[in-house]
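> With the hints as constraints, model all of the structure from the sequences given.
Same order as they appear, the protein sequences are chains A and B. Numbers 1 to 113, taken from the working numbering, label the letters of the first sequence in order. Numbers 114 to 224, taken from the working numbering, label the letters of the second sequence in order.
Since the hints were derived computationally from the structure, they do not count as laboratory data. Since the model is a prediction, treat every value here as computed from it, not as a measurement. Among the hints, a few may not be true.
Below, a sample of chain A positions facing chain B; criterion: calculated Cβ distance under 10 Å [claimed, not checked]:
#, residue
1, Y33
2, G40
3, G42
4, L43
5, R44
6, Y48
7, D96
8, R98
9, F104
10, G107
Note that CB positions come from ideal geometry on N, CA and C, so glycine has one too.
Each chain is listed here by its residues.
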Amino acid sequence: IAGITQAPTSQILAAGRRMTLRCTQDMRHNAMYWYRQDLGLGLRLIHYSNTAGTTGKGEVPDGYSVSRANTDDFPLTLASAVPSQTSVYFCASSLDARYTEAFFGQGTRLTVV
Amino acid sequence: ILNVEQSPQSLHVQEGDSTNFTCSFPSSNFYALHWYRWETAKSPEALFVMTLNGDEKKKGRISATLNTKEGYSYLYIKGSQPEDSATYLCAFSNTGNQFYFGTGTSLTVIP
Chain A
1 IAGITQAPTS
11 QILAAGRRMT
21 LRCTQDMRHN
31 AMYWYRQDLG
41 LGLRLIHYSN
51 TAGTTGKGEV
61 PDGYSVSRAN
71 TDDFPLTLAS
81 AVPSQTSVYF
91 CASSLDARYT
101 EAFFGQGTRL
111 TVV
Chain B
114 ILNVEQSPQS
124 LHVQEGDSTN
134 FTCSFPSSNF
144 YALHWYRWET
154 AKSPEALFVM
164 TLNGDEKKKG
174 RISATLNTKE
184 GYSYLYIKGS
194 QPEDSATYLC
204 AFSNTGNQFY
214 FGTGTSLTVI
224 P
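The structure is reproduced here in structure tokens:
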């Protein structure tokens, strides 16, 4: 089924541990994004990539890193997780960064304890 | 960081009522304004992408308008149905190639 897939669906992680959230799309979209959803704060952009090989910082990038080695994959890494990173993480992609709609993955619920 | 504001934060309407929400965004460096519908336990799904001042888009009972000069967009739902219950998000895109989302309007349609 074409679309955008995130893994894992949920995860409980000990503070201080390293974690990579995976995101893969098969729509050949150029732009990809990572958002976190927190109650009362909506969706906040963590990092984005306009095309393979490039990445940029969003509103809340601290504590996170991304890479975009190819068009399809856009992993998000928490180098040393902290409880404030407990959130629901959504990956999204769009054909271009400005004019076309974004398609979202199903989300990853991460709890850092 | 750009400020995208949505109002009201939540809304309860009776089935059959018409309703509307507002999205306010910076009027400078405008590229696009998106509306998304987000149902509980699902992912956001796009409703509209608008790029030109004065744009009007319609999908069934839902329509949207755009004023880029004053920095606002309205989303209208005519004859609300229980299945319209969801959170409606707007997202603003500027020259930075990023989408900035508002916090959403939560709509509950009471049968």
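> Hints numbered earlier in the text: which of these fail when held up against the supplied structure?
Hints that this structure does not satisfy do not exist here, as all of them hold.
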